[in-house]
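> Produce the entire structure from the sequences given, and follow the hints as far as they go.
There are 2 protein chains.
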Amino acid sequence: MTDTGAPSASGRARITIREVASAAGVSVATASKALNERGRMMPETRQRVQDAARNLGFRPNAMAKALVHKRSFTLGLLTNDTYGRFTLPVAAGLSAAMADRGVSVFLCAIDDDPERARLNLEAMEDKQVDGLVMAGKRIDRALPIQFTALHMPLVHVNAACPEGGIGFVPDDEGGAHLATAHLVALGRRRIAHVTGPGGFAAVHLREAGWRRALAEASLAPPGEALLGEWSERFGYETGQRLFAAGGEQPDAVFCGNDQIARGLIDALTLQGLRVPEDVAVVGFDNWGLFAEATRPPLTSVDMEFKALGREAGLTLLDGIDGRTVAPGIRRRPCRLVVRRSCGGET
Amino acid sequence: MTDTGAPSASGRARITIREVASAAGVSVATASKALNERGRMMPETRQRVQDAARNLGFRPNAMAKALVHKRSFTLGLLTNDTYGRFTLPVAAGLSAAMADRGVSVFLCAIDDDPERARLNLEAMEDKQVDGLVMAGKRIDRALPIQFTALHMPLVHVNAACPEGGIGFVPDDEGGAHLATAHLVALGRRRIAHVTGPGGFAAVHLREAGWRRALAEASLAPPGEALLGEWSERFGYETGQRLFAAGGEQPDAVFCGNDQIARGLIDALTLQGLRVPEDVAVVGFDNWGLFAEATRPPLTSVDMEFKALGREAGLTLLDGIDGRTVAPGIRRRPCRLVVRRSCGGET
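Chains as they are written, first to last, in the UniProt record's numbering: chain E, 1 to 346; chain X, 1 to 346.
Hint data in this document are derived by calculation from the structure and do not stem from the laboratory.
Don't take every hint at face value.
A partial selection of chain E residues facing chain X, derived with a Cβ cut-off under 10 Å [stated by the list, open to error]: (1) GLN50; (2) GLN259; (3) TRP287.
Heads up, the beta-carbon is just placed ideally off N, CA and C, and yes, glycines get one too.
Put into structure tokens, the structure is as follows:
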């Protein structure tokens, strides 16, 4: 596992700086200075070495790069999302954007355990990562970490962000507005809202987006938002209750997540109501396999976590490179994924 | 971001080797030799330095450790599972077991893109990781990688393993046997099997486990295994077909995955059949939120990916430490998670 001459992943023997120097007709020390853009030499010499390195496919090894640049070209991703529904797309977007820039990402799964968090942070300090991404499960909870003790660039994704920090979260209000405005545009007039527990900031933001879209269309909510649980069971029971009553019933329901939407659709189907003909339904999360398996497939709001991970990583690199990054929360737009349950698929 | 004297994650200023040397009354060079267990010195001196280091909470920095041990104390995890249902528990089990041993894990998401795989492998070589874990989506497909060109210890998890390699996969046959034997023990006698496409090795292994459990109980299969898709739709349509026919119907169905089981249960419910009273149902995957949301909650086979990730990591460390590791595939036991759909929950 030495670096010199071992075949690389692409199957060629790995090129050493010695070979570059020899091809360019200079000493190893000169080749090193030319490649690191340090020290004085003739521009032609520098160019000749750089051409030779490029032609031979020379890649400096990471430890040498770290010593020269005082950077390790590594980041840590800390997450308490063991289920992974939120963090996995963040990790995929981050990892792809970083790989394209020669930066590798350590995955640190800390559950919600402060001791495991401490252990992983010490490991990240030992590995001298250039910065950290903290990814959570909800926008109103911080990871179990003493941020004040961390002396390296940090960004937060889908988690609470301490005063003065840099955070990236989905625009829940905007996403809910998108979903509700789409139902309005399809001609629905009595659009109910069934959602999760009031202890979540996202619940209130999504409710606000629903209200704003209705107000813009001069529509009254057909009732208060129905707060409960993030579960199919709650969606199912609420669907039974909401449509069992006599009187004027909703012609659409905007649900706070895909599980609620799915339970609600199942309750409507068992009551003989047709989705979307009688009642249009839209969810939130766009949880792939789940939204596609609903009968009919579920229109849903995607929080674009992959883009959030990519953007958080690029912003972190800016901070590591010494560029000024303004503190504060960035709310990034959601995207509506139209399937059959809203009646708007063309 | 220099290492000396910067506060650590635990809030204390980071201890330097200079302070350890001073506390022990020796030179920095002697302290270094004592801590690295190299060079000759009085055992009392070595002990005094080690005691001072422990008392002060000294942790050698990673680069120094790497230079001494010729190891980077890092691993790479390559995965083509962007959806993450399989890889995430593998990553969590691996990351936790490695963190406990001071080893950090790089996450490399390569989709199914050979170019992205090459880019990530080159990054892992540049970072001089000590070894690699390759985690896939199915036991009969390799990742898009030229394994012959990799010159470092490797293990494969839930993926095809090249000749002479070391692989960890769930015991699909054993898991299916567990599920079917459980239904037999509950008194079911006509146990059907509805599963995924014949192109998957797992389909044939699970069918074999179903047949073995029936044979052991001297029961005949009520018909051939019904192969189709890994989808709710297939489960739903098969449930309609299987129970619409007259004649003697199955009193239990062992399904090849949780999605099929869920679709099948929905079809039975709409036909007025009760689960588990009329028909017991068991799934495969134990995909948490999904299995719990089924009405009734789904009994399912868990492939124990977290344990698989942990064990793969420990085996990889053995290889890195120069211990002999026998090549070949390790099939690890699955676990039956009993919920209400099989009628066996106590």
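> If you take the shortest Cβ to Cβ gap from E:GLN50 to chain X, is it below 10 Å?
18 Å, violated
> Would you check whether E:TRP287 satisfies its interface hint, that is, whether its CB is within less than 10 Å of any CB in chain X?
9 Å, holds
> Does the nearest C-beta of chain X fall within a distance shorter than 10 Å of the C-beta of E:GLN259?
6 Å, holds
Consistency with the previously given hints fails for number 1 only.
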